[in-house]
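Chains V and E, in that order, give the protein sequences.
Start counting the first sequence at 1; every next residue gets the next number (the working numbering).
Start counting the second sequence at 1; every next residue gets the next number (the working numbering).
Source of the hints: derived by calculation from the structure; they are not laboratory data.
Treat the hints loosely; a few may be bogus.
[Said to hold, decoys possible] Distance windows between CB atoms, simulated:
1) V:164 to E:96: 22 to 30 Å
2) V:117 to E:177: 35 to 43 Å
3) E:157 to V:146: 58 to 66 Å
4) E:91 to V:117: 37 to 45 Å
[Unchecked claim] Which bits of chain E does chain V cover? Going by a derived footprint, with three or more residues having C-beta under 8 Å, they are:
5) 20-28
6) 192-204
7) 256-269
All values reported here derive from a predicted model rather than from experimental measurement.
Ideal Cβ placement from N, Cα and C applies to all residues, glycine included.
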Amino acid sequence: MSKFGSAIFNRLVIIIPYAWLLVFFLIPFFIVFRISLSETAVAMPPYLPVFNWDDGLSGIFDGIRQFSIANYLWLTEDSLYINAYGSSLWIAGVSTLLTLMIAYPIAYAMAQAPGSIRPTLLMLVILPFWTSFLIRVYAWIAILKPEGLFNQLLLTLGLIDQPLIILNTNWAIYIGIVYSYLPFMVLPIYSALEKMDHSLTEAAQDLGCTPISAFWQVTFRLSMPGVIAGCMLVFIPAVGEFVIPDLLGGSETLMIGKTLWNEFNANRDWPVSSAVATILLLILVVPIMFFQQAQAKADSEGR
Amino acid sequence: MQRWSRFNILSLVFGFAFLYLPIVLLVIFSFNESKLVTVWSGFSIKWYVQLFQNQGLIDAAWVTFRVALLSATCATVLGTLAALAITRYTRFRGRMLFSGMIYAPLVMPEVITGLSLLLLFVAIGFDRGFWTLTLAHITFTMCFVAVVVQSRLMSFDRSIEEAAMDLGATPVTTFMKITLPVIAPAVFSGWVLALTLSLDDLVISSFTSGPGATTLPMKIYSQVRLGVTPEINAVCTILIGIVAFGVLIASIVSRRAEAQRVKDERAAFGH
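Generate coordinates for the entire structure from the input sequences, incorporating the hints supplied.
In structure tokens:
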């Protein structure tokens, strides 16, 4: 059995997960694309045309002839969608920057920490990631409400006379994204900083760099792969975020994930929500490819 | 060696306070006597008692738990295979696409994954419910398992495997007797990760589940939209407790396995 068996084993190791991902990850995108070219109908499923497989090829050609780009034209005509894409990118960008600014000092301090306590610190950063995303977002509602704990604290300290309105504004969304995605930023930066050779910074300082310029020119540059990976891990999912804008944002907050959800669940307009998803995917394809390249590079270096 | 400055300590203290304070507050207010979650009025466990009388919630918890167990187990098998494929076979047709399909789900916005899976199930005429939910969860969690296992395989000393093969072991035997025991801690933490991701998921579940298969996060979400109550805090506290317990067990198991591995390697190499 051995040679034949090993060939089969080797094949199966690749084929089983490959086939699974093809069927449940890649092919669905083509279905989304196809339905984005259909027209809305009051039926189940609520779109036209539905391929008529019984008619064979002619049924399929009939279906293709009915494809229309009306849904995409609709997206460009209604400013709601363009604004939603724009503000999603803006909110995700600002949040990514804020996350980086908060995560970097934490990652830096962890990498500088004595080796004996590093595993504990690492565990402490990872632990909140294991608790439910929904729960962590929910926890902020009670804190940010006008009569919430944060305002109570500020009022007691006498820093403000009137409660700040934070919940249901973009600020609440920034806080929610920074909070939920912080571990994703800390971990790659930490692993980049941890690998770094500290004699390099010392050499830079010996050669006359101030500690600050040594940090920017040596430490920060060498941690760039970690920074890029972290930013991608925050930015890409944040663009399509639904839970955070829905629970913490206001009614006037436009984010594309929420728009898609409403289009699908409230309006039951599957073709338009498919078109929204297709465009979102096209926008994110470049950062996703970028992320994959970085991952593949890190893999080959780790080998 | 390095100085651990005051700035470093401060950033860690603030960082961890930021990460943990909201969760701690949520847990504290689940024991609040009054119906408010912002004003403390006394200790009480009445919200927990109420939970156990809420049949809808218990049903949802049961669905969630079954989906999570089943999908995490399948995802661990598939994810481990995927990790083996991507680390062991550096050249095969479509490898680029394969690694793309493993990494992309990690960052893919959930609304897209959820919508595309739903449309797939509709297109093939699969009734939405428990099974579609499970299939969807397997798909998005297996990639996380693959990444966790892959990082362990990367530092794996392949000469032990080659030795086993040279001594006449078949690939399957080698995998079962040599590879699997070594990567077992990573496979186990992959399973725990898949389990918690599945327990936690709201968006993909909402798209792919049907009538009769409401999960706990879906239930919590629909109640949260109506307002913040200590009852939800109590559900959340129980979930946090379960996860904390699971992570604790997982870390003890993997620490023991790591210590054992180091001991074995020392013995083997005669240090």
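Here is how each hint holds up against the structure:
{"no.": "1", "hint": "V:164 to E:96: 22 to 30 Å", "in the structure": "violated (50 Å)"}
{"no.": "2", "hint": "V:117 to E:177: 35 to 43 Å", "in the structure": "holds (37 Å)"}
{"no.": "3", "hint": "E:157 to V:146: 58 to 66 Å", "in the structure": "holds (59 Å)"}
{"no.": "4", "hint": "E:91 to V:117: 37 to 45 Å", "in the structure": "holds (42 Å)"}
{"no.": "5", "hint": "20-28", "in the structure": "holds (count 5)"}
{"no.": "6", "hint": "192-204", "in the structure": "holds (count 6)"}
{"no.": "7", "hint": "256-269", "in the structure": "violated (count 0)"}
The structure is inconsistent with the numbered hints 1 and 7, although it conforms to all the rest.
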